[in-house]
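Chemist: Quick note, the sequences are listed as chains H and U, same order. Take the first sequence: its position 192, counting from 1, is numbered 192 in UniProt numbering, and each next residue is one higher. Take the second sequence: its position 209, counting from 1, is numbered 209 in UniProt numbering, and each next residue is one higher.
Careful: at least some of the hints might be erroneous.
Sample of chain U residues at the chain H side, in silico, Cβ under 7 Å [what the hints assert, rightly or not]:
hint, residue
1, Leu-67
2, Leu-69
3, Arg-96
4, Arg-99
5, Trp-100
6, Ile-105
7, Phe-107
8, His-112
9, Ser-113
10, Leu-114
11, Asn-115
12, Val-117
13, Pro-127
14, Leu-130
15, Tyr-161
16, His-163
Computed Cβ-Cβ distance ranges for the label pairs, DEER-style [said to hold, decoys possible]:
hint, chain 1, residue 1, chain 2, residue 2, range
17, U, Thr-77, H, Val-276, 47 to 55 Å
18, U, Glu-213, H, Leu-236, 38 to 46 Å
19, H, Arg-25, U, Arg-156, 21 to 29 Å
20, U, Asp-196, H, Leu-236, 26 to 34 Å
21, U, Arg-129, H, Trp-142, 22 to 30 Å
22, U, Gly-215, H, Val-276, 51 to 59 Å
23, H, Ser-233, U, Arg-142, 39 to 47 Å
Source of the hints: derived by calculation from the structure; they are not laboratory data. Even for Gly, the Cβ is constructed at its ideal location relative to N, Cα and C.
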Amino acid sequence: MADSALPTAPVPQLAQSVRDRSGVRRRFRYYGEKLGGSLVSLFAVILTSFFLFRIIPGDPVRTMTHGRPVSIEQQEQLRREFGLDRPLAEQFWSYLTGVLRLDFGDSFQFNRPVTELIGDRLWPTVLLVGTSVLVSAALGLWLGVRCAWNHGSLGDRVNTGVALTLWSVPSFWLGLILIVIFASELGWFPTSGMESTGVEGWERIPDLAHHMVLPLVTLVAVVYAQYLMIMRSSLLDEMGSDYIVTARAKGLRDVIVRRRHAVPNALLPTVTLIFVNLGFVVFGAVLVETIFSWPGLGQLFYSGLSVPDLPLVQGLFILFSAAVILMNLIADLLYPVLDPRVRP
Amino acid sequence: MSLLEVKDLTVTYRASTSAASPEKRGSAGAGDVPAVRGVSFTLDAGQKLGLAGESGCGKSTMALALLRLLPKTAHLTGEIRFDGEDLLTMSWGRLRAVRWAGASIVFQGAMHSLNAVQRIGAQIGEPIRLHSPKVGDAEIRRRVGELLEHVGLPARRADAYPHELSGGQRQRVMIAMALACDPQLIVADEPTTALDVMIQAQILTLIESLVAEQGISLLMISHDLSVLADTCDRLAIMYAGRIVEEGPAATVFGAARHPYGQALAAAFPRIGDPASRRRLQGLAGDPPDPADLPAGCSFHPRCAVRLGHCDLVDPSLWPTAGREVPDDGESHKGKGNRPAGDGTRAACVRVLPDDGLSLVEKESA
Numbered sequence: 001m002a003d004s005a006l007p008t009a010p011v012p013q014l015a016q017s018v019r020d021r022s023g024v025r026r027r028f029r030y031y032g033e034k035l036g037g038s039l040v041s042l043f044a045v046i047l048t049s050f051f052l053f054r055i056i057p058g059d060p061v062r063t064m065t066h067g068r069p070v071s072i073e074q075q076e077q078l079r080r081e082f083g084l085d086r087p088l089a090e091q092f093w094s095y096l097t098g099v100l101r102l103d104f105g106d107s108f109q110f111n112r113p114v115t116e117l118i119g120d121r122l123w124p125t126v127l128l129v130g131t132s133v134l135v136s137a138a139l140g141l142w143l144g145v146r147c148a149w150n151h152g153s154l155g156d157r158v159n160t161g162v163a164l165t166l167w168s169v170p171s172f173w174l175g176l177i178l179i180v181i182f183a184s185e186l187g188w189f190p191t192s193g194m195e196s197t198g199v200e201g202w203e204r205i206p207d208l209a210h211h212m213v214l215p216l217v218t219l220v221a222v223v224y225a226q227y228l229m230i231m232r233s234s235l236l237d238e239m240g241s242d243y244i245v246t247a248r249a250k251g252l253r254d255v256i257v258r259r260r261h262a263v264p265n266a267l268l269p270t271v272t273l274i275f276v277n278l279g280f281v282v283f284g285a286v287l288v289e290t291i292f293s294w295p296g297l298g299q300l301f302y303s304g305l306s307v308p309d310l311p312l313v314q315g316l317f318i319l320f321s322a323a324v325i326l327m328n329l330i331a332d333l334l335y336p337v338l339d340p341r342v343r344p
Numbered sequence: 001m002s003l004l005e006v007k008d009l010t011v012t013y014r015a016s017t018s019a020a021s022p023e024k025r026g027s028a029g030a031g032d033v034p035a036v037r038g039v040s041f042t043l044d045a046g047q048k049l050g051l052a053g054e055s056g057c058g059k060s061t062m063a064l065a066l067l068r069l070l071p072k073t074a075h076l077t078g079e080i081r082f083d084g085e086d087l088l089t090m091s092w093g094r095l096r097a098v099r100w101a102g103a104s105i106v107f108q109g110a111m112h113s114l115n116a117v118q119r120i121g122a123q124i125g126e127p128i129r130l131h132s133p134k135v136g137d138a139e140i141r142r143r144v145g146e147l148l149e150h151v152g153l154p155a156r157r158a159d160a161y162p163h164e165l166s167g168g169q170r171q172r173v174m175i176a177m178a179l180a181c182d183p184q185l186i187v188a189d190e191p192t193t194a195l196d197v198m199i200q201a202q203i204l205t206l207i208e209s210l211v212a213e214q215g216i217s218l219l220m221i222s223h224d225l226s227v228l229a230d231t232c233d234r235l236a237i238m239y240a241g242r243i244v245e246e247g248p249a250a251t252v253f254g255a256a257r258h259p260y261g262q263a264l265a266a267a268f269p270r271i272g273d274p275a276s277r278r279r280l281q282g283l284a285g286d287p288p289d290p291a292d293l294p295a296g297c298s299f300h301p302r303c304a305v306r307l308g309h310c311d312l313v314d315p316s317l318w319p320t321a322g323r324e325v326p327d328d329g330e331s332h333k334g335k336g337n338r339p340a341g342d343g344t345r346a347a348c349v350r351v352l353p354d355d356g357l358s359l360v361e362k363e364s365a
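Only chain U is shown next, with the shape it has when bound in the complex:
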């Protein structure tokens, strides 16, 4: 069984809290902003999944949605099965028990993710005290020291305040904190974004070795596809609140099938391939406003290889390995999320043998 199974997750920001009244729930009202629109993926125990995309594509919203940490204005539907239990329907008490002890988060920019007026030792020890109330003070202190040494900081730094540490050290503290309760899953939300390149590499190596050592699953979120390709087993690329391509890291980074995946991969130099530096390309335009998405495929206004009917059809993820086109989404879902071939799926009409023209007929029918 997968450790984490997300099925058709949507996150909609309500324009106002009053609009979220029970009778209106479920129906899309005016002024609602869909930030995540039907995302499904699975993560096995010990697996590392990378989630990439531009800012504003919904990837951080999704990270917070996993533990239901979004503000009240966010409305969630779908299923988030963690270790068999649906996080979206479980009670707050049970959810609080799963938070950190089951799945912990390494946040972006550890400057602000740590409490400035508490010693880091107290902050690392806090979840231990909370989730294992029987553990004594001395034991917590010992464990905090161990965690700090584990992430390459001397144990006596437990008495330091966040402002006394460098950015890299703070991110190490954040990682130590995430490991405090031996979670099964760590969600790393842009863990290296605020750091310089040297420190970035150190932190990534550290995260990689720690999760590998302890068999922890990792969901790493970043805008930097090359970082993810380096660290993760599988990659998913998000655009406008949806996963548009998903597959083994090397395939997605090296031979993306979705034009957005290709553009994202082309925006970063490949490590160990100096020639790729000269081929760097940006992508013109901005991601669409989630409140006002284009018709059809939401990427078509920026797409360099769009076809005439791209503004009519909005394909979901299809296997790319030259398989027959399924009649509709249902028959594909029945076959499970991991199709044959190299397991890469993309949401683009070009992946389909007939360029998705049959879908156009279905739309107009």
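Just chain H, same shape as in the assembly:
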């Protein structure tokens, strides 16, 4: 539209509709590209998954029969059962057709379908890690906003100091320390597991929460600094911006300037981070789940890797990657909703 001192003439209807149509086409193209990119990534993951775990050292048959007297014939029979005696190309073909039917085969060590095993373990992981992402994001963003708004203050320095110290602590170490102090010494929390035996009905909920405290604290403590630092620095950037001065000049209260103008702009970079982390939710926290014997996917992956239980690790690998790809896709699709500047 031309700049002129006179009111601009309304754009003719025809030109308007042409522009709308090209806008729709552009939007479809944008979403199509994002979706197509995700599918390509997923396919690459399916290919990688098969070969990756065949490269890592370890013979499943030998690991599983370890310490037991097994004849060569018995080993050969196991190999046949697992399909490991067939040519690689043939194994790959049956793997590929299986994956497309969402059938990842039977686990070597548990002798059950991989999908069933994953189904059993999915809920505990989503509960624990999902909660930890939400809690750490909420905590980190809230503290980040406060630190940035009062930057340089004592509260800011203490908060960023504590967060960065915890951020540099290894999660398994912190988990062990917490177990030693709060479970073994003080006896406030159970050392491991997700449920106590013999607890029924509604009683299970407080019991579950009780078991979840330590692993949750561990996961939140080592991660929330990420959100705090990103929120703090992006809000600091925004606070120096001219539109903040405009908002204050309008006579808005400080709190409203912050909530209505500064935070929505500062939130944009953190959205991507939250979704990337949500993608890792199903991956669980291999170390934390293992330390706290949390019956989740992370722990399952750990036990699968040590064999290597090929169908199990392949299935999990695809699931983990698919979750990351999906969450990235959602972030890509959501970002234009939040930021009009990148709207297709």
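Knowing the structure of chain H, use the given hints to seat chain U on it.
Modeler: What follows is chain U alone, placed relative to chain H:
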């Protein structure tokens, strides 16, 4: 009564926030940077005052100081009387009520002065909603559309985001926003700096016609003296945090008495005078560091016509119309800010009949 009366305004940036503790307030500590050093001026209702000067002379700091929008590290003294009330001593609540409804600001570079993730309609409507809470949504929408049409944009652009508009259109939005609450005063801080020359002229015409139409006072800040001379009734020239010359626009632009005013006027071609293009002159050197000002007149290191005692005396504003030299600043202040003659005042010893030598004696006495 004047609408805006600024008396002896100083803005000092404290080196650190802790230095601004109550017991130290008022005394100049080490590391303090004086950005504005005793500025006084008045602006009557409906009048247009231009404030010129190089970057770093304190003019934008002063614009923000008027509504107390500076960061906490800035310490203000003096008086800013707006419609009779002192903005520096009023409560935050009262100040927020004066902001935008009494005096609004058109900021430089409207790209960053608008919130990128809000529709412009919402941003224009925001102060209306804030200052007149009883006005309904439909009425606000109607008023926003009216404001947009007033600045030459179609009302349906209210749904646009800032990035969808050109620089000139964004500046129009900024002006519409400044008009939203029918203010008595608009402070325009470099409103045309980021725009190309054609758009500049359009925006200036727009501002001029709108303030004239609605009887709004205008304080326009720019480094471009020719733009100000074109738009404003009176001009003030700032150097190193002080007003060094003040008077009717034509006189200050055409026949400045302060050497800095002359240099600034010579740096721009005069509209309608092609010969002036060939006479363009720059001014060597940079404005002084506010933290380390030269002794005496702060302009003397760059002054082409300096006298021997210029590094000793720091004259304040004196009337230029060949009047007797007052004994000291007090007797002049008693006579009011608008002396007889053409009302031009300059802060230069050369304006004084004896070249300010009597001041030297006073200094050494």
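Chemist: All the hints need checking, so say for each whether the structure fits it.
Modeler: Okay, the hints, checked on the actual structure:
no.: 1; hint: Leu-67; in the structure: 6 Å, holds
no.: 2; hint: Leu-69; in the structure: 6 Å, holds
no.: 3; hint: Arg-96; in the structure: 4 Å, holds
no.: 4; hint: Arg-99; in the structure: 4 Å, holds
no.: 5; hint: Trp-100; in the structure: 5 Å, holds
no.: 6; hint: Ile-105; in the structure: 5 Å, holds
no.: 7; hint: Phe-107; in the structure: 6 Å, holds
no.: 8; hint: His-112; in the structure: 4 Å, holds
no.: 9; hint: Ser-113; in the structure: 4 Å, holds
no.: 10; hint: Leu-114; in the structure: 6 Å, holds
no.: 11; hint: Asn-115; in the structure: 5 Å, holds
no.: 12; hint: Val-117; in the structure: 6 Å, holds
no.: 13; hint: Pro-127; in the structure: 4 Å, holds
no.: 14; hint: Leu-130; in the structure: 6 Å, holds
no.: 15; hint: Tyr-161; in the structure: 4 Å, holds
no.: 16; hint: His-163; in the structure: 5 Å, holds
no.: 17; hint: U:Thr-77 x H:Val-276: 47 to 55 Å; in the structure: 51 Å, holds
no.: 18; hint: U:Glu-213 x H:Leu-236: 38 to 46 Å; in the structure: 42 Å, holds
no.: 19; hint: H:Arg-25 x U:Arg-156: 21 to 29 Å; in the structure: 23 Å, holds
no.: 20; hint: U:Asp-196 x H:Leu-236: 26 to 34 Å; in the structure: 33 Å, holds
no.: 21; hint: U:Arg-129 x H:Trp-142: 22 to 30 Å; in the structure: 27 Å, holds
no.: 22; hint: U:Gly-215 x H:Val-276: 51 to 59 Å; in the structure: 56 Å, holds
no.: 23; hint: H:Ser-233 x U:Arg-142: 39 to 47 Å; in the structure: 41 Å, holds
In terms of the numbered hints stated before, the structure departs from none.
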